[in-house]
Structures are given as structure tokens and as C-alpha cells.
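**Q** Required output: the full structure, derived from the provided sequences and hints.
Top line first, the protein sequences correspond to chains H and D. As numbered in this note's numbering, residues 1 to 340 make up the first sequence, in order. As numbered in this note's numbering, residues 1001 to 1340 make up the second sequence, in order.
Please note that the accuracy of each hint is not assured.
[Stated by the list, open to error] Beta-carbon label-pair distances, calculated as ranges: (1) D:K1260 x H:S298: 50 to 56 angstroms; (2) H:S298 x D:R1276: 46 to 52 angstroms; (3) H:K146 x D:S1072: 41 to 47 angstroms; (4) D:K1146 x H:N4: 44 to 50 angstroms; (5) D:S1072 x H:I156: 29 to 35 angstroms; (6) D:K1260 x H:N280: 47 to 53 angstroms; (7) D:K1110 x H:D17: 27 to 33 angstroms; (8) H:D135 x D:K1110: 41 to 47 angstroms; (9) H:D109 x D:K1243: 43 to 49 angstroms; (10) H:K312 x D:K1260: 52 to 58 angstroms; (11) D:K1243 x H:S298: 55 to 61 angstroms; (12) D:N1073 x H:K204: 34 to 40 angstroms.
Don't read these hints as lab results, they were simulated from the structure. Remember, it's a predicted structure, so these values are computed and weren't measured experimentally. Where a beta carbon is used, it is the ideal one built from N, C-alpha and C, also for glycine.
There are 2 protein chains.
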Amino acid sequence: MKPNLARRRKKLRNLMDEKGLDAVLTSNHDDIFYYTGYSGFREDRIFMVLPAGGEPKLIVTPLENEAEIKYSNVIFMNEVKDFLDQVRPFETLGYDEKYLSVLLFKKIDKLNVKLKPVGKMLGIPRMVKEANEIDQIKGAISITKKVFGKTGSGMIGKSEKEISNEIDIEFRKQGVTNAFENIVSSGPQGVFVHHKPNERVIKKKDSVLIDIGCRFNMYCSDIARVFFKKLDNKKRKIYEDVKIIHNEIIDNIRAGTKYKDIESLQEKLFESKGYRVFHNFGHGVGLSVQDPVSNVLSKNEVLTVEPGIYIKNLGGFRIEDMVLVKKGKAEVLSKSIPVF
Amino acid sequence: MKPNLARRRKKLRNLMDEKGLDAVLTSNHDDIFYYTGYSGFREDRIFMVLPAGGEPKLIVTPLENEAEIKYSNVIFMNEVKDFLDQVRPFETLGYDEKYLSVLLFKKIDKLNVKLKPVGKMLGIPRMVKEANEIDQIKGAISITKKVFGKTGSGMIGKSEKEISNEIDIEFRKQGVTNAFENIVSSGPQGVFVHHKPNERVIKKKDSVLIDIGCRFNMYCSDIARVFFKKLDNKKRKIYEDVKIIHNEIIDNIRAGTKYKDIESLQEKLFESKGYRVFHNFGHGVGLSVQDPVSNVLSKNEVLTVEPGIYIKNLGGFRIEDMVLVKKGKAEVLSKSIPVF
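**A** See the structure below:
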């Protein structure tokens, strides 16, 4: 099923209308794919100018000479002027202030164009996932499940880096790439939330936190599990606590709930058990692993639930699932990936 | 051999001095690694504030709680104020206008801090490679050679995507990751310079352009070769022409040569043979695959030489080598990777 680009653009244009914008400019690859269906070389800088009326324009480097075949409205940027010519006609131009460089901002600012930062606007239509998007997300999760299945055993004696490499290879055997750098943090290194796998070798008594995801047909997964042979009593208690908190959070996610109320719930649960909160309970997932989420959750948003307890000299215990927001209880899309 | 960070910073501080800067701010991961030795989670936004005197400060997300172990001078950014507090003390702050977001620029601009764009300044000390850096680059090339060796044969009947996946897997078997997305462009698709490998299956008469690189101990390789079973006369002529141009360019690279003179030479060579130039003859390689190069080349700069001829319905013929600039003729670091 092809996405209905016209409907997506209409949603965006309604938001543009509220802000009085004649056009909006972005260089965010995910937004550009969402509104145009175009995806190019990830390392290339591309721009989309989406006017209040008419087809969005893509501005690409001449190295992306394939763009013309893939999309109907392409401008090649040989020099900055080529870019400026595309924004010049607009009276009021919205721009993504987190992505636009100061260099280009200053150049546009010299034109007779009024620049307005749009904040999260471009991400708003992306929050609620379409049926086809949910299918791709499920596809990414299903591959991640297979990779977890191959990873779970035989870690002792290998280094974190080796395990991470094996995960990369398994993803590629399934025809996908990573959605983000693998996190493999073992034993006391589990305490580092965004740990880069290193030479540390897994020992018998270690717990190993693995946080991975892939990109399948452009859509991401992001799931974490803790592996171990045996947990001592202290670690067992922490692990059981994180499971309780995890389930409690999921039980409270449904359409109409405020994101910040779930944040407060996490805070309360951690405090009641005497733990410190290191990070948010979760985030959106879709074309990016950090997709926008609504302040008040809506049906068909996809987000992670990933409470984590980190104790110095002991390790890290984070269970991360992906859930689909529903009118009733959220559906745990990754529930078939075993939590030990 | 550990890099001499103090010497690198001294070079940068001399440049800062010329511009009258009290400090410089960047969020470029490669620059941050170069001046501090710190590398974190690639997806996280990190900042370095390097003052005219004293130790550079790193500003990181609390998720990078490992940073404190890896580097001595770390500030955690829980809110934007934590970031602003670090730049507030400076009278004149240099910033990288290609990387700084408009969002942060505007917030800093409200402080009593004079903001000055620094252009390529942070990259200048990185242009000439140190002995240890050249070793890592050679390491990346040597792995890429092995991967080319495994890729060269047996492509017929496979799709571009499958070949690309196999290359990814081979890199990981060697313990490294890609430096950029693989380009595998076959037959007529070779005409697309930054082609994304797709489902097209390689046929007997195709030439296949493969442009790949890896990151070894942080340093990149970037090499392209053309594979084929047999070339018809038309393709053979083009392929021989690109080889001649390639060699002619390399013969003219040495310390003291102007980058733009080599650009003009490429232009002249292409024109004399009736071809159109699609892109620059080359670029720097080091911590990034698009490293800065000097206007006047210096000894120990590393750059690519990659003339490419692209003919509609026929294909793409690009040979990309990495060369080390010397007083005399440049050394082709990747020369042991066969050009057929």
C-alpha cells in the first residue's frame, strides 16, 4: 500500500495555515521522506521547500542525479544561489530551527523573506502512524526478534565489541541495517546508558544489556533486553523491580493520557523503590528512532517504554519495548521477544 | 602512539588568536575527537567549548554518563541553561556556522557574548595528517582491500542490495563499520553518482561500480573500483580514458600544488576527451570521509582522486584512490587494490 502523500501534506498545510506560512523549509531526511516519498544518500544534505499550494520541491546536490528519476520536482544546487532562488519567492517561510544551519539562515535572512521557526510542526503529522507504517514497524521488530534470538546465548568469553559486530552481521543477513549504534554494556559497564561496546570480555556472573534496532523499509525498531546466566540476589531484586515498573508504565498508556503524566508516574515508581531516574520513560519510533510524540497520546502512536535502573559497580537493567497506543490498553508490539 | 592533543590545540589557538576569539564552540564529532580524544554515541549531540586558555570542556547529554570516565572536563546538559552557562563567560565566541543550529545560535545571541562564525578554522589543523593518523588511514585501506578482494567475483545474478549487504558483513567480520553508505551501481544505474543500491540484478554484460569505505580506529577509507566480466568497445574506451585521466591527476599532485589547479586540470582533461565533469576530482579523508583540504596542498595531506565518467544508458566509470601528498609525486595509498 502506497502512502497517501497528499493527505500527509494536507495535514501539514493546515498547521502552516495556522502559523501564516507561505512555505516551509527543512533538511530533515525523515520529514522529507514522509512528505515526498524521496530518500537519497543519507550523508548528502538535501532540502525540501513545501509551499502552501503546489508540489514540494527538493533541492539536492548534483551528485544525487538519480533524484530526477525518483521525484518529479527537483532542483540541483550547484551553488548557494540555486538554493536561495527556491526560497526567495516566499513572503513568510517556516524553517526547522533545530536543523537549519546558521550559515544558511543568515543568507536567507538577507532576502526579502520573513523567517519563522516552526518547532515541532513538521513532526506533528508523523506522530500518529498510518496502517502501512505500523506494518513496517512490525517488520523491523520481527527482524530484531530474530537477531535477539541469535544473540542470546554464548556470550561468555566474547567482548562487547564482538557481540555488537555479530548483531550488525545478523541484521545484514536479514537484509536490513542498524537504526542506531548497538549498545552492548556488560557487568559494571551497564551503568553507562549510551555505552559504546568496547573490548571488555563477558564474564560468567555478568548481566549484559543489549539495546538494538534496525531500519526496515525506512522504519525503525528500538528494543532492549538484559541477558544473564544467573543473577545474584541483589541484581535479581533490581531486575524484578524494573520489570514491575515497566509493566506498570505500559498498563497506564492509552489514548488520552498525557506524556508528562507517564513521566511523573515513572518518577513516582522509581522513588517508591528507592531508585534514581536517569532518563525519560520512552520516545516515539517511526522513520527515526527519536520520533516525535504527542503531549496527549493518540491512538496509533508508537512509542518505547524503557525504564532503566543503573547502579554503580553492579550494572544496568533496562527493558525496552515498543508499544502501540490504543483506546484501551496499549499493545506491546515487541512482546514476543522474551524477557527473562 | 597517543596523539599530542596539546599540540593540536596550540595550532587551533593560534588561529583563534588571529580572529580574536576567547573560545570556540562546535558540535562536530570529528573535531571534538581531534581536540579532546573523546568519542561518544554518534547519534547524541555533544558540544565542545575550547577556550583560549585551559582545558576544553565537553557538554553532553546525561545519557552519556560514561563521558566522565573518558574525559576530565565534562558538563551534563539537563536543560539548555546548562549549555548557555558554559558559553556565557566568553566575550567573543567563535562558532561553526555549518553545524550550529539556529535555535542555539539565537539563545547564545541573547547573552552578552559576541558570536563570530569561524568557517573552516577548526578543520585547518586536521588537514595535514600526523604519522599516527596516516597509520590508521592505512589500516582502513588495508581492510577495504580485503573486502574488495571478497567482493570482486561472483556478482552476476545478485542484486546490488545483496552485494552491498555482503560488503557490510565483510567489514564487520574485519571488526570495522562503514564510513558511509556503500555505493553499488550496476549497468545503466552506474550513471547515478550517489546511487543507493537497489533490487536490480547484475547481468553478464554489466559493469558494476563499487564505492566503499570503512572506519578503522576512527579513521576512514574511501575507494572505488569498477568490476566487469568483459567490456564492449564503447565502454572499454571510456574506462581507459578514465584511467588515463586518473593517472594524469595523480601525477600532478604534490606539496605546493593548488587544489583549484588540479580541479582545472581535471576539467581540461575531461573536455579534451569530450566528457562532462560531474564532480570534484577529490576530497580530504581522515576522521571524516569529507575531510578539509588546503587550498595549497601540503605534505601529508590525504585526499581522494576520483574522476568519474557517467554516460546515460551505458553506466558509470569512477576510479577512486587515496593519495598521500608528498614533496615529490604523491603516494597512492590504495594502489595495491587492483584496477582491472
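**Q** For every hint, state whether the structure bears it out.
**A** Consistency of the hints with the structure:
{"no.": "1", "hint": "D:K1260 x H:S298: 50 to 56 angstroms", "in the structure": "holds, 55 angstroms"}
{"no.": "2", "hint": "H:S298 x D:R1276: 46 to 52 angstroms", "in the structure": "holds, 51 angstroms"}
{"no.": "3", "hint": "H:K146 x D:S1072: 41 to 47 angstroms", "in the structure": "holds, 42 angstroms"}
{"no.": "4", "hint": "D:K1146 x H:N4: 44 to 50 angstroms", "in the structure": "holds, 46 angstroms"}
{"no.": "5", "hint": "D:S1072 x H:I156: 29 to 35 angstroms", "in the structure": "holds, 34 angstroms"}
{"no.": "6", "hint": "D:K1260 x H:N280: 47 to 53 angstroms", "in the structure": "holds, 49 angstroms"}
{"no.": "7", "hint": "D:K1110 x H:D17: 27 to 33 angstroms", "in the structure": "holds, 30 angstroms"}
{"no.": "8", "hint": "H:D135 x D:K1110: 41 to 47 angstroms", "in the structure": "holds, 46 angstroms"}
{"no.": "9", "hint": "H:D109 x D:K1243: 43 to 49 angstroms", "in the structure": "holds, 47 angstroms"}
{"no.": "10", "hint": "H:K312 x D:K1260: 52 to 58 angstroms", "in the structure": "holds, 55 angstroms"}
{"no.": "11", "hint": "D:K1243 x H:S298: 55 to 61 angstroms", "in the structure": "holds, 59 angstroms"}
{"no.": "12", "hint": "D:N1073 x H:K204: 34 to 40 angstroms", "in the structure": "holds, 37 angstroms"}
Comparing the model with each earlier hint shows no violations; every hint is respected.
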